[in-house]
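Per my numbering, the sequence shown starts with residue 381, numbered consecutively.
I should point out that these hints are in silico values taken from the structure, not numbers from a laboratory.
Virtual Cβ for every residue (Gly too), placed ideally from N, Cα, C.
Some clues are possibly wrong.
Said to hold, decoys possible - Distance ranges between label pairs, derived from CB positions: (1) 448 x 612: 31 to 39 Å; (2) 681 x 401: 45 to 53 Å; (3) 531 x 567: 17 to 25 Å; (4) 503 x 563: 14 to 22 Å; (5) 502 x 389: 38 to 46 Å.
Claimed, not checked - In silico DSS-like cross-links for lysine-lysine, where the CA-CA straight-line distance does not exceed 30 Å: (6) 415 x 679; (7) 621 x 662; (8) 679 x 468; (9) 415 x 454; (10) 525 x 562; (11) 472 x 662; (12) 562 x 538; (13) 454 x 472; (14) 454 x 620; (15) 603 x 562; (16) 620 x 382; (17) 415 x 525; (18) 525 x 538; (19) 662 x 415; (20) 518 x 538; (21) 454 x 468; (22) 468 x 518; (23) 538 x 479; (24) 603 x 679.
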Amino acid sequence: MKCHLCNHTEFDDLMAYRAVSNDVIFQNSRLVKCKRCGLNQINRTFTQATLTDYYQNQYDRDSIYQVSPENFPKDNLFSVSRGRALAKLHQKLALPTPKTVCDLGCGYGHLLYGFSQFFPQAHYTGVEYDPNTEAILKRLNFDFKLGGIDDIDELRGKVDVLITSHVFEHVVDPNQFVDQCKNLLSPQGVFIWEMPNSDPFNLACERRHSPHICLWDIDTLRKVLENHGLTVLFLDTAGKKYSFVDSLEKGIIKTAGLFIQNMFQKETNNISLSDKDAIGFKLDLYGNNRRNLRVIARKSDK
Numbered sequence: 381m382k383c384h385l386c387n388h389t390e391f392d393d394l395m396a397y398r399a400v401s402n403d404v405i406f407q408n409s410r411l412v413k414c415k416r417c418g419l420n421q422i423n424r425t426f427t428q429a430t431l432t433d434y435y436q437n438q439y440d441r442d443s444i445y446q447v448s449p450e451n452f453p454k455d456n457l458f459s460v461s462r463g464r465a466l467a468k469l470h471q472k473l474a475l476p477t478p479k480t481v482c483d484l485g486c487g488y489g490h491l492l493y494g495f496s497q498f499f500p501q502a503h504y505t506g507v508e509y510d511p512n513t514e515a516i517l518k519r520l521n522f523d524f525k526l527g528g529i530d531d532i533d534e535l536r537g538k539v540d541v542l543i544t545s546h547v548f549e550h551v552v553d554p555n556q557f558v559d560q561c562k563n564l565l566s567p568q569g570v571f572i573w574e575m576p577n578s579d580p581f582n583l584a585c586e587r588r589h590s591p592h593i594c595l596w597d598i599d600t601l602r603k604v605l606e607n608h609g610l611t612v613l614f615l616d617t618a619g620k621k622y623s624f625v626d627s628l629e630k631g632i633i634k635t636a637g638l639f640i641q642n643m644f645q646k647e648t649n650n651i652s653l654s655d656k657d658a659i660g661f662k663l664d665l666y667g668n669n670r671r672n673l674r675v676i677a678r679k680s681d682k
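Full structure from sequences and hints, please.
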């Protein structure tokens, strides 16, 4: 195979690729690292048609996030809080107040809702393969586009903030994706992206790698953005950290942790939205090799 980023053909083998049982197309794979560009990735290639079919017909978003759309937004305060964290970072960098915001791969709209609380006058669009998202976004007076980045060419050059939260690791052609995102930006527009921080320690701690194709670290993420003519305004690790216990590959520890997390999510159903910063998701913490990467970038002035 060729590297998903640089087309090189030599790799270092890292570890078995951890795919859950229902992720059939990802089974029996390996995680490898390109010897030229350093990108961690799955050792197989997929067509866009295969991935589109997977996300439309196999990807079980409800069980992953424990969501219940009829209880929106309290069914997933974690993602609401993530949206608020991204908005706070935007404000911290003193960027221009956005007029148009697009969340590419918006799920059920929780993150976009959280972001909108900081910029209520902006026009919001959510893009998602799941048609069930449309009813939720309509209640929020947000626009909905069914599909992915190939289906929103009418937004070209108009987006002030383009959010992709845990999307970039799923794309089959990262170079093409970066160029397409770049073309969506307005002259003063910025990307705000988040994805797993896939350094060697974190990769070993992950309970599952599927359905990720490219697994980015700070160096490879900065490299691909700058290679496509983008100026990185902010790039750091964010959120919680894995501990030594997480690095022990013991399923019972992982299962117990997920059970506790699920119970905690249920306990938040009665929390008022004004109190959600106190829930304790630790999404505003940065540095020291945390679980996620968070980046803000814009077109270079050159």
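Hints versus structure:
Checked against the hint of 31 to 39 Å, the pair residue 448 and residue 612 passes, with Cβ atoms roughly 37 Å apart. The hint said 45 to 53 Å for the Cβ distance between residue 681 and residue 401, and at roughly 49 Å that hint holds. Look at residue 531 against residue 567: about 23 Å separates their beta carbons, and that is inside 17 to 25 Å. Checked against the given bound of 14 to 22 Å, the beta carbons of residue 503 and residue 563, roughly 19 Å apart, stay inside it.
Taken as a hint, the range 38 to 46 Å holds for the pair residue 502 and residue 389, whose Cβ atoms sit roughly 45 Å apart. This hinted pair checks out: residue 415 and residue 679 have alpha carbons roughly 29 Å apart, not beyond 30 Å. Taking the CA atoms of residue 621 and residue 662, the gap is near 10 Å; set against the 30 Å cutoff, the hint holds. Our distance criterion of 30 Å between C-alpha atoms is met by residue 679 and residue 468, whose separation comes to about 21 Å.
The suggested pairing of residue 415 with residue 454 is violated, with an alpha-carbon distance near 45 Å, which exceeds 30 Å. A threshold of 30 Å between alpha carbons decides the hint, and for residue 525 with residue 562 the separation of about 19 Å falls inside it, so the pair holds. At most 30 Å may separate the alpha-carbon atoms for a hinted pair to count; residue 472 and residue 662 meet this at roughly 17 Å. For the suggested pair residue 562 and residue 538, the alpha carbons sit about 11 Å apart, so the restraint of at most 30 Å is met.
Of the pairs offered as hints, the one joining residue 454 and residue 472 holds, with about 26 Å between alpha carbons and a cut-off of 30 Å not exceeded. Our distance criterion of 30 Å between C-alpha atoms is met by residue 454 and residue 620, whose separation comes to about 21 Å. For the given pair, residue 603 sits about 15 Å from residue 562 by alpha-carbon distance, which is consistent with the 30 Å threshold. Straight-line distance between C-alpha atoms of residue 620 and residue 382 comes to about 33 Å, which puts the hinted pair past the 30 Å bound.
A distance of roughly 38 Å separates the Cα atoms of residue 415 and residue 525; the hinted pair therefore is violated under the 30 Å criterion. Restraint check for residue 525 and residue 538: satisfied, since their Cα atoms lie roughly 15 Å apart, inside the 30 Å limit. Pair hint residue 662 plus residue 415 does not hold up; C-alpha atoms about 35 Å apart against a cutoff of 30 Å. Of the supplied pair hints, the one linking residue 518 and residue 538 holds, its CA atoms being roughly 21 Å apart against a limit of 30 Å.
Using a Cα cut-off of 30 Å, the hinted pair residue 454 and residue 468 holds, with the two alpha carbons roughly 20 Å apart. For the hint linking residue 468 to residue 518, the alpha-carbon distance of about 25 Å falls within 30 Å, and the restraint holds. With a C-alpha separation of about 9 Å, the suggested pairing of residue 538 with residue 479 holds against the 30 Å cut-off. With a C-alpha separation of about 14 Å, the suggested pair residue 603 and residue 679 falls inside the 30 Å cut-off, and the hint holds.
The structure is inconsistent with the numbered hints 9, 16, 17 and 19, although it conforms to all the rest.
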